[in-house]
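Dock chain G against the given chain V, drawing on the hints supplied.
Line by line, the protein sequences give chains V and G. Here the first sequence is numbered in our numbering, starting from 1 and rising by one per residue. Here the second sequence is numbered in our numbering, starting from 1 and rising by one per residue.
Possibly wrong hints are sitting among the right ones.
[Unchecked claim] Derived PhoX-like pairs: lysine-lysine, alpha-carbon spacing no greater than 25 Å straight-line:
1) V/Lys49 <-> G/Lys49
2) G/Lys49 <-> V/Lys45
3) V/Lys389 <-> V/Lys307
Don't read these hints as lab results, they were simulated from the structure. Keep in mind that this is a model prediction, so the values were computed, not measured.
Number of protein chains: 2
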Amino acid sequence: MENAFSDRINDVPKSFIREILKVTIDASIISFAGGLPNRKFFPVKALQKAAFDVFEEAGNEILQYSNSEGYLGLRQFISDRYRQRDGLDIPVEDILITTGSQQGLDLLGKTFLNEGDDLIIEEPGYLGAIQAFAMYRPRFHPVAVSEGGMDTSQLSQVLGERQPKLLYTVTNFQNPSGISYSDANRRAVADQIRGSSCLIIQDDPYGDLRFSGERKVSFKRIVPENTVLLGSFSKTVAPALRLGWMVAPPPIMDKLVIAKQAADLHSDYLAQRILHRYLCDNDIDAHIATIIAQYGKQKEAMISAIKDYFPAAVQFTNPEGGMFLWITLPEGMSSMTLFEAAIKKKVAFVPGTPFYVDRKDSNTLRLNFSCSDEPTIVEGIRRLGASIKELF
Amino acid sequence: MENAFSDRINDVPKSFIREILKVTIDASIISFAGGLPNRKFFPVKALQKAAFDVFEEAGNEILQYSNSEGYLGLRQFISDRYRQRDGLDIPVEDILITTGSQQGLDLLGKTFLNEGDDLIIEEPGYLGAIQAFAMYRPRFHPVAVSEGGMDTSQLSQVLGERQPKLLYTVTNFQNPSGISYSDANRRAVADQIRGSSCLIIQDDPYGDLRFSGERKVSFKRIVPENTVLLGSFSKTVAPALRLGWMVAPPPIMDKLVIAKQAADLHSDYLAQRILHRYLCDNDIDAHIATIIAQYGKQKEAMISAIKDYFPAAVQFTNPEGGMFLWITLPEGMSSMTLFEAAIKKKVAFVPGTPFYVDRKDSNTLRLNFSCSDEPTIVEGIRRLGASIKELF
Numbered sequence: 001m002e003n004a005f006s007d008r009i010n011d012v013p014k015s016f017i018r019e020i021l022k023v024t025i026d027a028s029i030i031s032f033a034g035g036l037p038n039r040k041f042f043p044v045k046a047l048q049k050a051a052f053d054v055f056e057e058a059g060n061e062i063l064q065y066s067n068s069e070g071y072l073g074l075r076q077f078i079s080d081r082y083r084q085r086d087g088l089d090i091p092v093e094d095i096l097i098t099t100g101s102q103q104g105l106d107l108l109g110k111t112f113l114n115e116g117d118d119l120i121i122e123e124p125g126y127l128g129a130i131q132a133f134a135m136y137r138p139r140f141h142p143v144a145v146s147e148g149g150m151d152t153s154q155l156s157q158v159l160g161e162r163q164p165k166l167l168y169t170v171t172n173f174q175n176p177s178g179i180s181y182s183d184a185n186r187r188a189v190a191d192q193i194r195g196s197s198c199l200i201i202q203d204d205p206y207g208d209l210r211f212s213g214e215r216k217v218s219f220k221r222i223v224p225e226n227t228v229l230l231g232s233f234s235k236t237v238a239p240a241l242r243l244g245w246m247v248a249p250p251p252i253m254d255k256l257v258i259a260k261q262a263a264d265l266h267s268d269y270l271a272q273r274i275l276h277r278y279l280c281d282n283d284i285d286a287h288i289a290t291i292i293a294q295y296g297k298q299k300e301a302m303i304s305a306i307k308d309y310f311p312a313a314v315q316f317t318n319p320e321g322g323m324f325l326w327i328t329l330p331e332g333m334s335s336m337t338l339f340e341a342a343i344k345k346k347v348a349f350v351p352g353t354p355f356y357v358d359r360k361d362s363n364t365l366r367l368n369f370s371c372s373d374e375p376t377i378v379e380g381i382r383r384l385g386a387s388i389k390e391l392f
Numbered sequence: 001m002e003n004a005f006s007d008r009i010n011d012v013p014k015s016f017i018r019e020i021l022k023v024t025i026d027a028s029i030i031s032f033a034g035g036l037p038n039r040k041f042f043p044v045k046a047l048q049k050a051a052f053d054v055f056e057e058a059g060n061e062i063l064q065y066s067n068s069e070g071y072l073g074l075r076q077f078i079s080d081r082y083r084q085r086d087g088l089d090i091p092v093e094d095i096l097i098t099t100g101s102q103q104g105l106d107l108l109g110k111t112f113l114n115e116g117d118d119l120i121i122e123e124p125g126y127l128g129a130i131q132a133f134a135m136y137r138p139r140f141h142p143v144a145v146s147e148g149g150m151d152t153s154q155l156s157q158v159l160g161e162r163q164p165k166l167l168y169t170v171t172n173f174q175n176p177s178g179i180s181y182s183d184a185n186r187r188a189v190a191d192q193i194r195g196s197s198c199l200i201i202q203d204d205p206y207g208d209l210r211f212s213g214e215r216k217v218s219f220k221r222i223v224p225e226n227t228v229l230l231g232s233f234s235k236t237v238a239p240a241l242r243l244g245w246m247v248a249p250p251p252i253m254d255k256l257v258i259a260k261q262a263a264d265l266h267s268d269y270l271a272q273r274i275l276h277r278y279l280c281d282n283d284i285d286a287h288i289a290t291i292i293a294q295y296g297k298q299k300e301a302m303i304s305a306i307k308d309y310f311p312a313a314v315q316f317t318n319p320e321g322g323m324f325l326w327i328t329l330p331e332g333m334s335s336m337t338l339f340e341a342a343i344k345k346k347v348a349f350v351p352g353t354p355f356y357v358d359r360k361d362s363n364t365l366r367l368n369f370s371c372s373d374e375p376t377i378v379e380g381i382r383r384l385g386a387s388i389k390e391l392f
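Excised from the complex, chain V in its bound form:
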């Protein structure tokens, strides 16, 4: 049977994170390995009411097949929000509702990538993006990101040598590293892309989860013709609904809609209607404010515990939002080796490996701070610090 499969699927390695999450099912383990929003903030009662109300108001209409582009009311909400929050004028026709923003990545791969096409991706970068694009067998060109943003000299080198079709970025509180691109860095990246045929994918699942600092400029403002935006309700409302969106200009949108139809006809229409009703009847910004107040405190607790318990040679990012921070151990130390040691002390994280295109063993690791309360964070970091010290 093995040789019956496509080359693309035979090339994809088993999910590393799945294997790690299996280890962390043990309830005595403090896990910083997950990537989930904190379930205690899900608006259960408000969504229950929204669901009840849309059934009452719209009856069987909300249960029928719908259009591939998505519910107009929801797209209008997204358009309005871009205007209010970013001063961006995004017509509803440029918005496509997707089955989570993960699907946006698949549709972009399908719409743009022939086998062997060049694609730039952040390093470290979002695992789900690597997986989605890998299905279309591009040539990956990783470009380093660190505090402040993308390495523009590496970017310049790739753009000088290749003609990449896509440049994948998570500019706000990146998964896995928590870093954000500064305004200056965004402008420098945009200057290099402007006028080329390369499309910047600005994937922004965490942008609303800012607990300090100023909101940054969107690529859509500084290099609009070359920008596709991806967004998600997974971190602000609830991930189970699998509702995200993409923003693209008409010639691209025409193709994306074809890809969307072939993929799943349309995203869950009942969920779109429930979400829209929820967004109309509730103050989403007040809801987000409660989430980030708590995430911010948890991040502070983690940073403070790291300072207390980690050797000084260990580096860490200090994100202004999101759900993750990134640890860099001294050169030559392996986070895979640390993982084995840490599990014995009942604390877990994700080693950096899956966030590199070449899946190399590395001295980096990802810590999630959205799902543990402050005392648990302190205790987990204490255990992890002890594990690191053992390896020194």
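Frame of chain V, contents of chain G only:
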């Protein structure tokens, strides 16, 4: 921008049916063009209650990320139903919940098809399958289907000349033609496939909608190693939820789950929980019985009106279930030309063209009978009969 797109997406023509459906928005047109289940049978109140109850019982758990395979309870329901209805023993591990059965087609394309791989598809065949597979640029080998099933001599010829990876079938009340494969035909097809590396995809969205005749044997019973099943709740409960499933043995399932993760992580988990609660608290077979009683009457009304109003030279299928029947005009007549004439008389249908891989103009057309009541059907067929007579 055009040359930035992938070859696959540039090759896909604009959806023909979308264009046709635009014409039929005019309320004075009687439309047999749609492919929708009749919304009057959607269990609005029961799903409203199920939604309310799962929020009440499971709180924030139903709003979190879930596993890619789908909700275990729902997969168990599907497994139990195969046992009760078909005597098939399908372990839950072999069942993957998909975002509509349309996604099952995309995942199969992704998992099996390299560019240029051979694939057998029914002719006429389901448009959505042609679209989904076309994204992976296989070589299509259409094999004719007609009353009784697949043309086994054509099948034998393709199998003699090529090594197809996939054979796509809708064995019950096929879309577009309404035909079903007889038991003998299924066994003859299975005999040709058994022992080969070709996988039969048995896509069965309509199987439960049988209003006459006996339930037929599943390929899963007669050639299990070579069979993948696709199923859907769209025609029995509600399409808006976008919930379907696929059944495949473990080595294939491992790959499908990887493709599923890359596509959308998992299908809407809230919808899975609502659907499961609905299925547990209601008698789905009693619900289906009401649907098919009405669809059966509407089909009878259409057949009877065809006999009254169409010239005798026009052939038609007489389905035992499903939502469609298929008209064959005399040789040399064009259903595209008929479409233009019929619109003037305020009646619409889908010409056969999009159901052929080569999209040739043809003398065939699809009529939907699920969405119009009996007087409307009689009047629409009268108008269509008059249009046909004009062309004679």
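Hint check results:
For a cut-off of 25 Å, the pair hint linking lysine 49 of chain V to lysine 49 of chain G stands: about 12 Å separates their Cα positions. For the suggested pair lysine 49 of chain G and lysine 45 of chain V, the alpha carbons sit about 15 Å apart, so the restraint of at most 25 Å is met. At roughly 14 Å between alpha-carbon atoms, lysine 389 of chain V and lysine 307 of chain V fall within 25 Å of each other, so this suggested pair holds.
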